[in-house]
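Q: Residues per chain are reported as follows:
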Amino acid sequence: MGLRVVVGVKWVPNTQAVRIDPKTGTLIRQGVPSIINPHDLAAVELALQLRDRYGGEVVAVSMAPPPAVQGLEHLIGMGVDYAYLFSDRAFAGADTLATSYVLAAGIRRVEEERGRVDLAVFGQETIDSSTAHIGAQVASWLGWPYIYYVRRAELAGDELRVERVIEGYVEEYLLPLPAVVSVAAKAFKPRDVTLRGKLRAKREKPIKVLSNKDLGLDPRCVGLKGSPTIVAKVTYLPEVPRRKEVYKPKTPREGARWLLRKLLEDEETRKVIVKSLWGGGSG
Amino acid sequence: MARVDCSKICPEWPCEQPEEFKGVWVVAETDDDGVVEASLQMLTPALRIAEKLGEPVTGILLGPPGVSKLADELIKHGADEVIVVEDEALKDYYPDVHGAVVAELARRYKPSTILIAATSRGREMAPYIANTLRSGITADCTDFDVDEKTRDVLLIRPPFAAIMLAYIRTPTRRPQIGTARPNVFPVPPRDETRQGRVRLEKVDVPKPRARLVSRRKLERREVPIEKAEVVVAGGRGLGGPEGFKLLERLAALLGGVVAGSRKAVDAGWIPPERQVGQTGRSVKPILYIAVGISGAAQHMIGVREARRIVAVNIDPDAPIFNQADYGVVGDYREIIPALIEELEELKKRGPRAIEEILAEQIETAEPGSP
Ligand SMILES: Cc1cc2nc3c(=O)[nH]c(=O)nc-3n(C[C@H](O)[C@H](O)[C@H](O)COP(=O)(O)OP(=O)(O)OC[C@H]3O[C@@H](n4cnc5c(N)ncnc54)[C@H](O)[C@@H]3O)c2cc1C
Ligand SMILES: Nc1ncnc2c1ncn2[C@@H]1O[C@H](COP(=O)(O)O)[C@@H](O)[C@H]1O
Chain E
264 MGLRVVVGVK
274 WVPNTQAVRI
284 DPKTGTLIRQ
294 GVPSIINPHD
304 LAAVELALQL
314 RDRYGGEVVA
324 VSMAPPPAVQ
334 GLEHLIGMGV
344 DYAYLFSDRA
354 FAGADTLATS
364 YVLAAGIRRV
374 EEERGRVDLA
384 VFGQETIDSS
394 TAHIGAQVAS
404 WLGWPYIYYV
414 RRAELAGDEL
424 RVERVIEGYV
434 EEYLLPLPAV
444 VSVAAKAFKP
454 RDVTLRGKLR
464 AKREKPIKVL
474 SNKDLGLDPR
484 CVGLKGSPTI
494 VAKVTYLPEV
504 PRRKEVYKPK
514 TPREGARWLL
524 RKLLEDEETR
534 KVIVKSLWGG
544 GSG
Chain X
31 MARVDCSKIC
41 PEWPCEQPEE
51 FKGVWVVAET
61 DDDGVVEASL
71 QMLTPALRIA
81 EKLGEPVTGI
91 LLGPPGVSKL
101 ADELIKHGAD
111 EVIVVEDEAL
121 KDYYPDVHGA
131 VVAELARRYK
141 PSTILIAATS
151 RGREMAPYIA
161 NTLRSGITAD
171 CTDFDVDEKT
181 RDVLLIRPPF
191 AAIMLAYIRT
201 PTRRPQIGTA
211 RPNVFPVPPR
221 DETRQGRVRL
231 EKVDVPKPRA
241 RLVSRRKLER
251 REVPIEKAEV
261 VVAGGRGLGG
271 PEGFKLLERL
281 AALLGGVVAG
291 SRKAVDAGWI
301 PPERQVGQTG
311 RSVKPILYIA
321 VGISGAAQHM
331 IGVREARRIV
341 AVNIDPDAPI
351 FNQADYGVVG
361 DYREIIPALI
371 EELEELKKRG
381 PRAIEEILAE
391 QIETAEPGSP
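So the protein sequences, as listed, match chains E and X.
In terms of this note's numbering, the first sequence is residues 264 to 546.
In terms of this note's numbering, the second sequence is residues 31 to 400.
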């Protein structure tokens with residue numbers, strides 16, 4: 264029978280390549296390539312491992328502008344069976360509630376077209392907004408149980424046994440399916456694209472693009488209109504006052520001495536140094 | 031306050047008027063030691079918002095019978111009242127079960143604002159609460175304010191670039207929900223004389239679908255970076271994982287822990303739970319030593335609560351020098367070993383040597399600008 268696993272992936276600007284204009288303090292987005300959110304590749308890897316072990320299929324879903332097809336092709340190259348791109352101008356400006364609404368409806372559509380979905384997997388968070396909202400919100404829309412930070416997953420009868428680390432504890436849960444999980448950062452090392460996968464992406468084009476009309480959602484529930492949160496204004500972050508004493512020593516020894524002296528003159532740091540060097544007491 | 035035109039909003043949302051909602055809530059997370067510090071920290075912005083709105087602050091406490099004894103902790107730190115749900119079924123935490131109970135309370139009491147600490151559990155549960163109420167949520171706020179005119183809470187967070195702050199409003203939905211990372215706010219001072227009301231509420235706790243089957247404590251390796259008084263952080267300038275060995279020695283001498291910038295984490299020199307910054311953790315040590323870190327806004331946002339910042343960087347123009355208290359220009363490979371030697375020497379000489387060092391009139395004691 265196998266598992267049908269849906270993976271949510273976001274198409275994000277590559278923050279590694281983003282630079283900030285030192286004069287205006289704004290982002291230079293121009294020429295910044297977009298990529299599949301790196302954490303989502305770990306989610307894709309978990310989904311592929313589950314399919315490889317138990318059979319079934321992996322379906323990637325993304326709400327993004329049309330160029331994200333490139334990213335989805337990459338996933339097909341990795342071995343993902345099928346992908347859906349939900350793409351519409353009406354989706355622009357969505358906050359996490361409106362995004363999760365489209366994704367939940369999209370997962371329902373996957374079920375109608377391909378059959379029952381057993382598991383929806385998400386990345387830990389995105390590198391451009393890192394809210395970690397979407398997994399829980401989709402679980403809420405679908406009414407499925409969910410668990411975050413998963414680092415191991417396997418079937419146990421008709422349930423999923425998952426392991427996660429949270430607040431200093433290793434926890435193991437049994438999740439009845441269907442369920443939602445999000446994957447701990449770096450928990451799974453994503454596999455490379457294969458030549459076979461690449462060819463399949465090219466020849467079979469197993470990617471479906473759906474507009475809001477296709478999904479049939481109320482325009483008041485998607486994009487900016489469907490977003491309860493709005494950005495009212497943007498300002499600079501106020502600076503924290505600092506002493507800004509900078510010393511350029513002639514020798515390292517001199518630099519170390521200058522610094523040590525500063526730290527000992529300073530009431531705040533002196534106490535810590537005394538405590539750490541000789542324990543307790545005060546200087 | 032603006033009236034919401036029900037024909038304009040998503041029919042999936044309940045159409046309610048913002049003026050019907052009053053009160054600022056802090057959802058308290060608990061562990062074996064009581065209410066977690068990060069939740070008490072959320073009382074700081076809650077009190078500020080409540081004062082501006084003229085509304086009370088309410089703590090929300092869920093747990094097995096007996097948990098109400100923790101209510102006092104919230105009251106002593108500033109809550110006006112605490113709503114407690116005691117139920118055997120709340121002994122183990124499940125994000126959807128606890129989340130559903132908070133959402134049910136919110137439907138009954140209609141708070142204007144809900145604040146939740148963005149601990150791992152908070153990050154997991156908060157969006158579920160928000161979505162169940164079909165309201166907006168803003169993650170990882172670094173500040174909160176109130177728009178006097180509309181009475182909207184302004185949820186302030188760095189967007190894509192930490193150098194800027196976005197002011198986010200939730201004009202047509204209530205409650206307004208926000209989270210903040212641990213250590214972004216201090217715990218409000220404890221006031222032993224404070225009194226508050228404790229209300230026990232009954233809620234039908236949904237049956238958990240997921241089942242916790244085992245739980246074991248990870249053996250404690252190091253102090254988490256959020257708790258350390260001294261943090262020695264390395265960046266890309268260390269050039270490789272060996273650099274962190276050196277920082278470990280310095281940290282050990284100072285009774286501190288090591289941390290790193292995102293570039294150090296991305297390079298695999300240090301684990302992700304030790305990353306400081308916007309997408310890592312916020313720390314509040316007394317002393318933060320940044321070594322080979324340039325001082326990007328996304329990094330520095332994680333050290334705003336540090337009492338003192340020391341920077342060691344080879345580049346005199348590195349932006350970190352403008353955001354540090356004491357900066358030394360130089361190659362860390364030379365400066366840090368020298369600093370370790372000086373500290374070891376001092377340790378040998380004993381505490382009295384401090385006065386001698388401070389009395390010494392060494393010419394190098396005068397800071398020269400680079
Ligand atoms: C959305 C977003 C979120 C981000 N979140 C985070 C975050 O949470 N945390 C974070 O840290 N970053 C974050 N970043 C990345 C951030 O913008 C910077 O790229 C990063 O902080 C730089 O790391 P660094 O200072 O270690 O490296 P660099 O900027 O490369 O700086 C290295 C420094 O080392 C110095 N150096 C080199 N050799 C030596 C030597 N021998 N001795 C002494 N000094 C030397 C150099 O002069 C330089 O100043 C984020 C970026 C984005 C876009
Ligand atoms: N637009 C999107 N399309 C598909 N999946 C998404 C989208 N945005 C976020 N996700 C998924 O939700 C996770 C958490 O995202 P975030 O809440 O933005 O941090 C990501 O790691 C993705 O798996």
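Just so you know, these hints were derived from the structure itself, not from any lab.
It is possible that part of the hints are untrue.
[What the hints assert, rightly or not] Rough simulated footprint, nothing fancy, chain E against chain X, three-plus residues with beta-carbon under 8 Å: (1) 70-79; (2) 86-95; (3) 234-247.
[To be verified] As a list, the in silico BS3-like pairs of lysine-lysine whose alpha-carbon atoms are at most 30 Å apart: (4) X:Lys-257 / E:Lys-507; (5) X:Lys-377 / E:Lys-449; (6) E:Lys-534 / X:Lys-232; (7) X:Lys-99 / E:Lys-534; (8) E:Lys-496 / X:Lys-99; (9) X:Lys-99 / E:Lys-511; (10) E:Lys-511 / X:Lys-293; (11) X:Lys-140 / E:Lys-488; (12) X:Lys-106 / E:Lys-534; (13) X:Lys-257 / X:Lys-232; (14) E:Lys-449 / X:Lys-106; (15) X:Lys-377 / E:Lys-507; (16) X:Lys-140 / E:Lys-496; (17) E:Lys-538 / X:Lys-121; (18) X:Lys-121 / E:Lys-452; (19) X:Lys-82 / E:Lys-488.
If you're wondering where the values come from, they're calculated on a predicted model, not measured in any experiment.
All residues carry an ideal CB built from backbone N, CA and C; glycine is no exception.
Q: Check each numbered hint against the structure and report the violated ones by number, ascending.
A: Structure breaks hints 1, 2, 5, 6, 7, 8, 9, 13, 14, 17 and 18.
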